Amino acid sequence: MGFNVPMEFLPMPVKGQGGPGCTKGPQCGANITSRCPSELKAPGGCNSACNALQNQSSLYCCYGRHCESNEYSAFFVRMCPEALSFSSDAPSQTAFSCPWDTNYQNTAAP
Numbered sequence: 008m009g010f011n012v013p014m015e016f017l018p019m020p021v022k023g024q025g026g027p028g029c030t031k032g033p034q035c036g037a038n039i040t041s042r043c044p045s046e047l048k049a050p051g052g053c054n055s056a057c058n059a060l061q062n063q064s065s066l067y068c069c070y071g072r073h074c075e076s077n078e079y080s081a082f083f084v085r086m087c088p089e090a091l092s093f094s095s096d097a098p099s100q101t102a103f104s105c106p107w108d109t110n111y112q113n114t115a116a117p
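Residue numbers (this note's numbering): 8 to 117.
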């Protein structure tokens with residue numbers, strides 16, 4: 008959908024969990040709402056392009072296994088380089104990979 012506050016979604020340091028790629032998670036401390044493109048603005052936040060531009064869903068929504076990046080996903084990547092819009096936007100050092108049973112802590116406005 009979108010979001011309106013800085014957030015982080017981090018793996019919990021539980022004994023036995025972790026491993027390659029499971030030491031960090033997606034986070035964004037940027038104030039997206041104040042810089043949101045006008046066509047994505049929503050009351051109190053910033054929509055995803057898929058949600059805001061439904062009449063152009065074939066361009067901005069994911070269908071199938073691969074999603075193409077676009078000018079809106081690039082905006083979010085620039086604002087929040089440690090979060091992902093689409094896996095194709097991610098440099099290898101940003102990719103997150105944790106075991107299926109990992110616990111997470113979600114913090115709004117860290």
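It is worth saying that the hints were derived from the structure and are not from the lab.
From a predicted model like this one, the values you see are computed outputs, not experimental measurements.
No residue lacks a Cβ here, since even glycine has one placed at the ideal position from N, Cα and C.
Misleading hints may appear alongside valid ones.
Claimed, not checked - Here are the simulated distance ranges between beta carbons: (1) Q112 <-> Q63: 16 to 26 Å; (2) S45 <-> T109: 16 to 26 Å; (3) E46 <-> D108: 18 to 28 Å; (4) P50 <-> P106: 15 to 25 Å; (5) T30 <-> Q63: 16 to 26 Å; (6) R72 <-> P50: 13 to 23 Å; (7) M19 <-> S65: 35 to 45 Å; (8) E78 <-> G52: 16 to 26 Å; (9) G52 <-> Q112: 35 to 45 Å; (10) Q112 <-> N62: 31 to 41 Å; (11) C69 <-> W107: 17 to 27 Å; (12) Q63 <-> M19: 37 to 47 Å.
Hints versus structure:
1. Q112 <-> Q63: 16 to 26 Å: At roughly 36 Å between Cβ atoms, Q63 and Q112 fall outside 16 to 26 Å, so the hint is violated.
2. S45 <-> T109: 16 to 26 Å: violated, 38 Å
3. E46 <-> D108: 18 to 28 Å: Cβ of E46 to Cβ of D108: about 40 Å, so the range 18 to 28 Å is violated.
4. P50 <-> P106: 15 to 25 Å: violated, 38 Å
5. T30 <-> Q63: 16 to 26 Å: violated, 38 Å
6. R72 <-> P50: 13 to 23 Å: violated, 33 Å
7. M19 <-> S65: 35 to 45 Å: holds, 38 Å
8. E78 <-> G52: 16 to 26 Å: For E78 and G52 the Cβ distance comes to about 19 Å; the hint holds.
9. G52 <-> Q112: 35 to 45 Å: Violated, at about 22 Å.
10. Q112 <-> N62: 31 to 41 Å: holds, 37 Å
11. C69 <-> W107: 17 to 27 Å: holds, 21 Å
12. Q63 <-> M19: 37 to 47 Å: With a Cβ separation near 39 Å, Q63 and M19 satisfy 37 to 47 Å, so the hint holds.
Taken one by one, the earlier hints fail for this structure at numbers 1, 2, 3, 4, 5, 6, 9, listed in ascending order.
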